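Chemist: Protein sequences, first through last, are from chains L and Z.
Each residue of the first sequence is one higher than the last, beginning at 434 in our numbering.
Each residue of the second sequence is one higher than the last, beginning at 103 in our numbering.
One or more hints might be untrue.
[What the hints assert, rightly or not] Beta-carbon label-pair distances, calculated as ranges: (1) M309/Z x R445/L: 33 to 43 Å; (2) R445/L x V401/Z: 33 to 43 Å; (3) G580/L x G406/Z: 12 to 22 Å; (4) L302/Z x V451/L: 54 to 64 Å; (5) Q291/Z x G450/L: 23 to 33 Å; (6) D553/L x G208/Z: 33 to 43 Å; (7) D553/L x G383/Z: 22 to 32 Å; (8) M309/Z x G580/L: 24 to 34 Å; (9) G450/L x G208/Z: 52 to 62 Å; (10) S619/L x Q291/Z: 39 to 49 Å; (11) V390/Z x S494/L: 49 to 59 Å; (12) R226/Z x F448/L: 21 to 31 Å.
[Stated by the list, open to error] Examples of chain Z residues lying across from chain L (beta carbon under 7 Å, computed): (13) A114; (14) F279; (15) A281; (16) T282.
Since the hints were derived computationally from the structure, they do not count as laboratory data.
In this text, all values refer to a predicted model and were calculated from it rather than measured experimentally.
Ideal Cβ placement from N, Cα and C applies to all residues, glycine included.
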Amino acid sequence: MTGAALEIVGLRKNFGGVPATQNVNIHVAHGERRLLIGPNGAGKTTLFNQIAGDIRPSAGSIRLFGREVSTMPPHRRAHLGLARTYQIITLFAGDTLERNVALALLGLMRSRWNMFRPIDAGAAMRAEILRILDLVGLAGQAGQRAGTLAYGEQRRLEIALALAQKPKLLLLDEPLAGLSAEERVSVGALIGAIPREVTVVMIEHDMDTALELADSITLLHHGQVIVDGTREEVLADPRTREVYLGH
Amino acid sequence: MKWIPTALVLAAAALLPLLGGDFYVNLASQILVAVLMAASLNLLVGYAGLTSLGQAAFLGVAAYTCAWTGVKLGVSPVVAAGLACLMTLAVSALFGAIALRASGLGFLMITLAMSQVVWGLAYRLVAISNGDNGISGIVRPSPLGLSLDSPGAFYWFTLLVVVLALWFIAILVRSSFGATLAGTRDQPQRMAALGHNVWLIRFAAFMISGFLAGIAGLLFVWYNKYIHPSALSMTASAEALLAVIAGGSGTLAGPVVGAAVVVLLKNYASAYVERWNMMLGFVFLLIVLFLPEGIVPGVKRLLGRGR
Numbered sequence: 434m435t436g437a438a439l440e441i442v443g444l445r446k447n448f449g450g451v452p453a454t455q456n457v458n459i460h461v462a463h464g465e466r467r468l469l470i471g472p473n474g475a476g477k478t479t480l481f482n483q484i485a486g487d488i489r490p491s492a493g494s495i496r497l498f499g500r501e502v503s504t505m506p507p508h509r510r511a512h513l514g515l516a517r518t519y520q521i522i523t524l525f526a527g528d529t530l531e532r533n534v535a536l537a538l539l540g541l542m543r544s545r546w547n548m549f550r551p552i553d554a555g556a557a558m559r560a561e562i563l564r565i566l567d568l569v570g571l572a573g574q575a576g577q578r579a580g581t582l583a584y585g586e587q588r589r590l591e592i593a594l595a596l597a598q599k600p601k602l603l604l605l606d607e608p609l610a611g612l613s614a615e616e617r618v619s620v621g622a623l624i625g626a627i628p629r630e631v632t633v634v635m636i637e638h639d640m641d642t643a644l645e646l647a648d649s650i651t652l653l654h655h656g657q658v659i660v661d662g663t664r665e666e667v668l669a670d671p672r673t674r675e676v677y678l679g680h
Numbered sequence: 103m104k105w106i107p108t109a110l111v112l113a114a115a116a117l118l119p120l121l122g123g124d125f126y127v128n129l130a131s132q133i134l135v136a137v138l139m140a141a142s143l144n145l146l147v148g149y150a151g152l153t154s155l156g157q158a159a160f161l162g163v164a165a166y167t168c169a170w171t172g173v174k175l176g177v178s179p180v181v182a183a184g185l186a187c188l189m190t191l192a193v194s195a196l197f198g199a200i201a202l203r204a205s206g207l208g209f210l211m212i213t214l215a216m217s218q219v220v221w222g223l224a225y226r227l228v229a230i231s232n233g234d235n236g237i238s239g240i241v242r243p244s245p246l247g248l249s250l251d252s253p254g255a256f257y258w259f260t261l262l263v264v265v266l267a268l269w270f271i272a273i274l275v276r277s278s279f280g281a282t283l284a285g286t287r288d289q290p291q292r293m294a295a296l297g298h299n300v301w302l303i304r305f306a307a308f309m310i311s312g313f314l315a316g317i318a319g320l321l322f323v324w325y326n327k328y329i330h331p332s333a334l335s336m337t338a339s340a341e342a343l344l345a346v347i348a349g350g351s352g353t354l355a356g357p358v359v360g361a362a363v364v365v366l367l368k369n370y371a372s373a374y375v376e377r378w379n380m381m382l383g384f385v386f387l388l389i390v391l392f393l394p395e396g397i398v399p400g401v402k403r404l405l406g407r408g409r
């Protein structure tokens, strides 16, 4: 089907004999905001890892912007326009925020192979780094080491690295996890401000903030898609209450 | 870069043949070769986070190629050096392709195993290597018609080559490539998600590291005018690794200091103490206990605390 940013058909993944993903079919249109929910162990992050390429599926197909990618290594998927964040914060803790963003920018630049030019040399690169840090409100700490940031700030740097890639499809794995109420509002606003042409698939448990951002919802349980549809359809479905909302 | 200390050390190193006798000049040449070995290994251990126990294999491949083509096939020293570089690159590519299937302990064991294969071949491939007799009669090159036969001339030549190599490494680790290499050490999964080809970055670093060790091999075989399989034993690889760790891995000055300490201890301790290996071990025990991050970062830390 054309017009899909992400199309997953018949995806299956077994860890040993344990099925983590069972016959998953998901279609996400260009510019859509999809929320992925489900109880712990439902296979949400495993699904993300298969879309990003960190885990190879046992069977089925994953298409990014119409291209079959299920056997493509992760770095080539990034070059197609895919970016992701991690549920467990995965930053370059010993490096400055500036260097963190520089590594994200370099990922898609040819100059990443340059062995002679100092990495901090370019004024244009520096300006772009500060612009991205400013997007997440961290421009003032550009010279600080990422490991010394407060937890909420690290969450925002996670998102900054993915935004630096100027993705066409962004996978956010629990971007609000562990944040205070005020931080959830500010990070929620940050996600809401992502341009509409970027397709976003988000795993999130904080329904209050996440629902506002979502056009559509997919509910996973035991590695299977239980309910899939617009926000209103999924929330109204009795199976959603039974499996997830629990009341 | 700390220009003043670097310039002072360079000036002292350049003046050494005018001040010291042949014994000290030759000792300094040995130190320089060990410095280049350690610095090449440090690219893998310190910057790529890949601990190798097989670096002497590249020194050996270059040294034996140079000795075999020079002495047995009779090509000129410059052609022999060129062939040695090509051979080292080919072997680095092969070893890198195999060893980089793993990382961590697996990588260490594979590099150890492959270097032991090269060591075994040096003993057994008698037609090329003369086995346990080694190859002697290697002729030093005479760049631009200048003879390198005197200890002083050879030392200056070695100093020039090693300084150029260290300068290249200093530029490399500050470059975009150097930053991505350190990134693959710290967060390989994230680097891949950001679009970096982690395997290819590591492979490039492995090739550069092997090539620089090959240059050290050329200097080694020209210095000794002789090559024996013991030069590529596991002990030789372990000494290079010891120099990196003792000096401070992931720093530019660390391998320089570490290699100097290892060579000096070996030479002086063996002159006075029969069980000098034990003394070597004792010194490194002290380093690990009091300066676990290595001499260079450790001394920096102690000085910083004093202020």
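Chemist: Would you list, in rising numerical order, the hints stated earlier that this structure does not obey?
Modeler: The structure breaks hints 2, 4, 7, 9, 10, 12 and 13; every other hint is satisfied.
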